[in-house]
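Engineer: Here are the chains, one letter per residue:
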Amino acid sequence: MNSRDDSNESPPRVVVTGYGAISALGLNAGCLRLGVRADTSGLRTITRFDATDYPTSFAAEVLDFDPGAVLDRKQARRMDRFTQFASVTAREAVAHARLDVAADSTRVGVVVGSAFGGVETFVQTADTMLTKGPKRISPFAVPMTIPNIAPGMIAIDLGARGPAFAYASAFASSANAIGEAMRMIQSGRADTMIAGGAEAPITGIMMAGFAALQSLSRRNNDPSQAVRPFDLYRDGCALGEGAAMLVLERRDQAVARGATILAEFAGYGSTGDAYHDVQIAPDGDGLARAMSNALEEAGLSPGEVGYLNAHGTGTTMNDELETVAIKRAFGDSARRLPISSTKSRTGHLLGAAGALETVIAIQALEDGILPSTLNLETPDPACDLDYIPGASRPQSIDVAMSNSMGFGGHNVSLLFRKPSGF
Amino acid sequence: MTMSSSIDRSPSHANRRRVVVTGAGGLCAVGNDAASIWRAVAAGTSGIAPITRFDAEGFETRFAGEVKGFDPASELGRKESRRMDRYTQLSVAAAREAAVQSGLDIRSEATRVGVLVGTGMGGMETFEAGVETLLTSGPKRISPFFVPMMLPNMASGTVSIDLGAKGPNFGTVSACASSAHALGEATLMIRSGIVDAMVAGGGEAAITRMGIGGFNAMGALSTRNDDPEAASRPFDLERDGFVLAEGAAVLILEERGHALARGATVLAEIVGYGTTDDANHMVQPAPGGEGAARAMNIALDDAGVTNDEIDYINAHGTSTQLNEKLETQAVQRVFGERAGTIPISSTKSMTGHLLGAAGSMEALITIAAMDASLIPPTINQVTPDPDCPLDTIPNTARPGEIRFAMSNSMGFGGHNVSLVLARADQRAP
Chain A
1 MNSRDDSNES
11 PPRVVVTGYG
21 AISALGLNAG
31 CLRLGVRADT
41 SGLRTITRFD
51 ATDYPTSFAA
61 EVLDFDPGAV
71 LDRKQARRMD
81 RFTQFASVTA
91 REAVAHARLD
101 VAADSTRVGV
111 VVGSAFGGVE
121 TFVQTADTML
131 TKGPKRISPF
141 AVPMTIPNIA
151 PGMIAIDLGA
161 RGPAFAYASA
171 FASSANAIGE
181 AMRMIQSGRA
191 DTMIAGGAEA
201 PITGIMMAGF
211 AALQSLSRRN
221 NDPSQAVRPF
231 DLYRDGCALG
241 EGAAMLVLER
251 RDQAVARGAT
261 ILAEFAGYGS
271 TGDAYHDVQI
281 APDGDGLARA
291 MSNALEEAGL
301 SPGEVGYLNA
311 HGTGTTMNDE
321 LETVAIKRAF
331 GDSARRLPIS
341 STKSRTGHLL
351 GAAGALETVI
361 AIQALEDGIL
371 PSTLNLETPD
381 PACDLDYIPG
391 ASRPQSIDVA
401 MSNSMGFGGH
411 NVSLLFRKPS
421 GF
Chain B
423 MTMSSSIDRS
433 PSHANRRRVV
443 VTGAGGLCAV
453 GNDAASIWRA
463 VAAGTSGIAP
473 ITRFDAEGFE
483 TRFAGEVKGF
493 DPASELGRKE
503 SRRMDRYTQL
513 SVAAAREAAV
523 QSGLDIRSEA
533 TRVGVLVGTG
543 MGGMETFEAG
553 VETLLTSGPK
563 RISPFFVPMM
573 LPNMASGTVS
583 IDLGAKGPNF
593 GTVSACASSA
603 HALGEATLMI
613 RSGIVDAMVA
623 GGGEAAITRM
633 GIGGFNAMGA
643 LSTRNDDPEA
653 ASRPFDLERD
663 GFVLAEGAAV
673 LILEERGHAL
683 ARGATVLAEI
693 VGYGTTDDAN
703 HMVQPAPGGE
713 GAARAMNIAL
723 DDAGVTNDEI
733 DYINAHGTST
743 QLNEKLETQA
753 VQRVFGERAG
763 TIPISSTKSM
773 TGHLLGAAGS
783 MEALITIAAM
793 DASLIPPTIN
803 QVTPDPDCPL
813 DTIPNTARPG
823 EIRFAMSNSM
833 GFGGHNVSLV
843 LARADQRAP
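Here the protein sequences line up with chains A and B, keeping their order.
According to my numbering, the first sequence is numbered sequentially starting from 1.
According to my numbering, the second sequence is numbered sequentially starting from 423.
For the record, the hints were derived by calculation from the structure and aren't laboratory data.
Don't take each hint at face value.
[Claimed, not checked] Listed next, with one range per pair, are the computed distances between beta-carbon atoms: (1) A/D66 <-> B/D730: 48 to 56 Å; (2) A/C31 <-> B/E502: 44 to 52 Å; (3) A/R257 <-> B/Q848: 41 to 49 Å; (4) A/Q279 <-> B/K562: 18 to 26 Å; (5) A/D104 <-> B/Q848: 29 to 37 Å.
Small disclaimer: the values here were computed from a predicted structure and weren't measured.
Ideal Cβ positions, reconstructed from N, Cα and C, are used throughout, including at glycine.
Bound conformation, chain A alone (with noise of 0.2 Å):
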């Protein structure tokens, strides 16, 4: 009853069959990948609240949206952002896979991965509490801002009833989430998992937390110059908010219904670093021990990987050890790797940064358009690889990579290739 054997594939293969994205691109995966193609920033000055007085007053917010017009308007008004934007894209994906949810619900889970979960809800409910008393809290204060309430209500909103529960690894957890969701169906838990990331972060405590750590650009004048991975001028990553989410399924299923199969799952790699609570191990050890177990569950060479989506957040420590790492993991095969960060364009999605790249590292396999990192006109020493400046390139591959690292030492490496008729 829990699972079934009705495959010779063991374990099973699992593949890509919809995904959905909001982000500062858009509303939806499509305008992610005219975005991205088009080297479009998303990139302006903060609109959600007044960020006059802060050390950095930009980020890449979504604009116009309305969950109202794609969910239950009453349904909505009772969900953090973050869990509007995780609901919004996780219907999107289910349509884009034409998945039937309720003709299995029991072997459909939902994963989310999520740094913060609902930061505008605790900030208004904290600011209530201090200003009027605790009897005025809202009892619905806590159901929202808990992280795990985006798969919760995702699995209420299509009747998902198999696995249900969200991952927590700072700016991997969604990249934890997918790997995870992944390990479910491989093992027979689930036949099809809903999984992926959101976060909405643009308030004023995380903008002043982050501006603490030194960890945002200050180029306030230029925000759409702002954000420089690997460049020698860069100074700092932007927040970025959103969602992005995928629907897995084993490959066997998604045959017998007629699915078009956008992407195959190819490896996950997981480590830690064990080193620093918000700096990465000065050898790239633990990122690159991620990238070279997700090569070896795919079978893969370093050399079959046709592009990187990086996390490449446009920190200084950040872009450096990065690019250590993948010269660990990929040896002489690094120089001759594609490799961009396509955070210039969205911000930093934070939880949900992991989801959206591997969308874009996806639509990348499917289209053949390797995205450029934005703003990439000085390069730095210490980052002397192939990261696609300039504009995006024309170019068919047949894997894909995307990092994730987290603080906590948290490192990801999600691998996929394009379909194959065998």
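Let chain A serve as the given structure and place chain B on it in line with the hints.
Structural biologist: Coordinates of chain B only, in the frame set by chain A:
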């Protein structure tokens, strides 16, 4: 027997990798280490008392299950502990205790040891204080430690740094089922061969103004302010809500052959894990306990254990009207006629509700109970609830062999987890 739900590549129970517990550490309202917690639970002692962590005047509920006498500076170092939220401090202390007991030399096989510490709320105290600073003093007064300290993955991250574990590392978040998920997922990671050992469990420290105020707003907490020790009364007719508590419980899980080869003492075996979602309501369990029952059945199936082999159930038993009604129905669905006679207790009657750390704390207690052949009680049983016709081990512990036990957890969002544990001497070799 149907195929197991393990992620190993071989379907049968017979040749899959087995997962044993070789260390356990914990802190909660009734004790600051695993042995003290067990002694208090076995004696039926309540740890519930008036709140001291903040001035609770003006709150509807003014008591909780606080960890008492824990001095983070002396336990963890003055500088280090100041850079951790309380939930992380408690998690690191519990993980150290578990690691010491297991005798596992984590650093010598660092990449084969992962960490999975779940939490429901993360660094609540830090989050709250940060927002207060922002509102009163402005954005430039926020500390650089604010973000890392409040993050819900930081217990996992900090434990990995403290113990030197470099394998897979993240947190599971599913409200009050978080650490039960952590134990289950960690078990599957060992079975699959990705790692040989996992440091797994949960930590929570939500006895804050927002924690108490937020759950009060939902009408979820007991308001029995005149008698805190009698407030947590799961299954009793007069129950009026749960009692918020804090703490952490962490286990060292290890592949059985790995543990035996190094001569480790095996405390118990995790043999079954089931997880489902209700897909029903934001905060209410599904009618009839459907989702929870499904999780129990999956866990039994995974364990290869029939429902009449279960000698004890550690219930979720929060002490809310709705939980126990529906949990009783779920147990009845799975255990049928046996439901009324199988020993089932809620140790939350003594520890309070540790939210995200509840599942691992209750696994720790269940393991100790199996070892002692003593079934822990549900205290504060005065008036039986006709809707809960169960053997709740009222008020005093009862001697009894426990070969296989089940521990259940449920969380807001409709998350259900069931774990099946086996006593160390079962199924050998």
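Engineer: Now tell me if each hint is right for this structure.
Structural biologist: Hint by hint, here is what the structure shows:
1. Hint check: A/D66 to B/D730, Cβ distance near 55 Å, so the stated range 48 to 56 Å holds.
2. As the Cβ distance of A/C31 to B/E502 is approximately 46 Å, the hint placing it in 44 to 52 Å holds.
3. At roughly 42 Å, the beta carbons of A/R257 and B/Q848 sit within the given window of 41 to 49 Å.
4. At roughly 23 Å, the beta carbons of A/Q279 and B/K562 sit within the given window of 18 to 26 Å.
5. Distance hint check for A/D104 and B/Q848: the Cβ-Cβ separation is about 35 Å, which falls inside the suggested range of 29 to 37 Å.
No hint from the list above goes unmet by this structure.
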